[in-house]
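J.: Here are the chains, one letter per residue:
There are 6 protein chains.
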Amino acid sequence: MATLGLIEYKEASPEVRAVYDDIMATRKTDWINNFWKALANDPVTLKRTWQDIKQIMAPGALDPLTKELVYVAVSVSNQCGYCIASHTASARKKGMTDDMFRELMAVVGMANETNSLSAGYQIEVDQQFKV
Amino acid sequence: MATLGLIEYKEASPEVRAVYDDIMATRKTDWINNFWKALANDPVTLKRTWQDIKQIMAPGALDPLTKELVYVAVSVSNQCGYCIASHTASARKKGMTDDMFRELMAVVGMANETNSLSAGYQIEVDQQFKV
Amino acid sequence: MATLGLIEYKEASPEVRAVYDDIMATRKTDWINNFWKALANDPVTLKRTWQDIKQIMAPGALDPLTKELVYVAVSVSNQCGYCIASHTASARKKGMTDDMFRELMAVVGMANETNSLSAGYQIEVDQQFKV
Amino acid sequence: MATLGLIEYKEASPEVRAVYDDIMATRKTDWINNFWKALANDPVTLKRTWQDIKQIMAPGALDPLTKELVYVAVSVSNQCGYCIASHTASARKKGMTDDMFRELMAVVGMANETNSLSAGYQIEVDQQFKV
Amino acid sequence: MATLGLIEYKEASPEVRAVYDDIMATRKTDWINNFWKALANDPVTLKRTWQDIKQIMAPGALDPLTKELVYVAVSVSNQCGYCIASHTASARKKGMTDDMFRELMAVVGMANETNSLSAGYQIEVDQQFKV
Amino acid sequence: MATLGLIEYKEASPEVRAVYDDIMATRKTDWINNFWKALANDPVTLKRTWQDIKQIMAPGALDPLTKELVYVAVSVSNQCGYCIASHTASARKKGMTDDMFRELMAVVGMANETNSLSAGYQIEVDQQFKV
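Chains as they are written, first to last, in the working numbering: chain U, 220 to 350; chain L, 220 to 350; chain S, 220 to 350; chain G, 220 to 350; chain Y, 220 to 350; chain F, 220 to 350.
The list treats identical chains as one, so a pair stands whether inside a single copy or across any two.
Derived pair list, reagent style DSSO-like, types lysine-lysine, alpha-carbon separation capped at 30 Å:
hint, residue 1, residue 2
1, Lys266, Lys349
2, Lys349, Lys247
3, Lys273, Lys313
4, Lys229, Lys273
Simulated from the structure, these hints should not be mistaken for laboratory data.
With the sequences and hints as input, model every part of the structure.
T.: Right, here's the structure in full:
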């Protein structure tokens, strides 16, 4: 980490600690990963981002594992090293098997390939897809 | 479409028609979308891409709907208009409900947000994620 | 075009016209494409960009067609609709055949696929590539 | 490497070894780079990707060096560290000189610049490019 | 718009109308742009996104115009057509002059160029930047 | 750095030294960062890029700090590690406070989120934005 450093639990304000506590309780872990420790430099963004993620990644019409797979897919397409590492770990924890990971990567790779083919061939959207 | 035009079934070579037939049979539809009609200008790529997609998107450790959701997520992150339109339609056909779409978009949006936050705060990967 | 409108030759300042004239002379055409007409709203950027492109795309260790193919490849990966259309046309003019286009697209698609696979599998750079 | 580890030749299955052997024979090298060792965790994807790349990167309407330059250009635009390192090395091996590399970078940089200018100025595609 | 359609004020639920009213009051306009009408299909995301944007784009250490310029810059780099159009309009409303727009585009173009050059030359971060 | 190595002042040609001297004089520093030392392998690109940046980043309708914030925003969206590190440092030097950085990141994160939402919901540009 550079710019603003990481805020450890011990040095955190009560406001930040409350978020850390909720993260650990929600995730059933006893540690906080660097993403949150960095965001803690901006307590407003820390709290908002955590609340948003907590709500968005909760079970709904899509189950938590599916959501995490989507998160990994986006992070991979964006070449975000930190996000790939952290969300691949999260996906594992939520039940992603080796086979799921392999298939996920194959789909992501194929999607990136055909995304560029579609652009390069300058393909117009079919009427059938506009309904 | 620009560059090379779209190859319609009637004017297609037997080689291309065989791929078209397999696409329609596999998808249980009676039409071919523009992506394939454009790729048909390159029969080798057409065949290879179709075979790859057919294999990759088939049921496996991940079900076809989950794979299609991932495909949409990647296409959205890449801002690929054609792919978003076509794969959102595919996802619908495979069972994506309105609620699933809403949640998918929320996850994709959040992932893109935190991907940039992770980069901007120059966050190092935690040791715990490297194991 | 939106924001600032397109500057047509007739209404252009002598400074802008000089760039337009050089573009047409260099390219052996009698019209100016929208990119330059839009940039003409910022004569300094117009002149700088044209001079840079003129120099960079000139024959050198790489021939002009190869450079144009690279330009198309980047534009496709970036999903830049305007650039794909204009540089595909430029590449055609410089000698890109249908077969070259097909192969170019196949390479671009494959590169985008393996770029995401490399990221997703979190692959470390080999020592051999660091020498 | 993280997630699934690298599969070394010694521990590889016959199926994976066959791909490794073909890679080394085709490339006339005696080692396998990490990309393939990581993909080997998914033998089906390994085989498919290698066969695709082998076919796509072979001499055709475009020569192998031109294809490799395009590969580097895409990887650079995608900020894919591993791919930049590995394909720059490949390009060197296929004959890319220092001068070619310098010009390649200049073209890639310029393309990325004008891609964003085209988007920012909201430039419409010229009729001439739609024919 | 495709997928879910646009929710007009008349047909909106009280919950959605409350957000629409706040958007118009905050922006001192009498209409709602399509982004919000589309998001209104997901009232939870609509409300959250609006509240986040309202808070984030408010005057702070950075003034609202600077924030809007940054928003345009990101949208341009991402090739997001809708966002470029809407945030360029917002920036204008907040005081962006033609000259500011021209300089903004020049900076964005240059940043995209040097971003790719940095990647392509595989440049390591200087120790001085790590402090 | 890999590929071509870094050109230190002592070993630089008079042509390159002239650029280095101008960089240090303009920035009021006594060292050159790796970006320029890498570009120095291509003196023409080095000179052109420096002159362009010097002109573009100079005070104008936008002040130098605003321009640097935009540069950081683009670099973050592109996931360019080197550029994020170097331009965050530049922004600091030009007066970016911790609060400004926090707000900048929040805006960049939000922009990336809504960019993907706009694409995913396939939102058409409002007539009002086309005027």
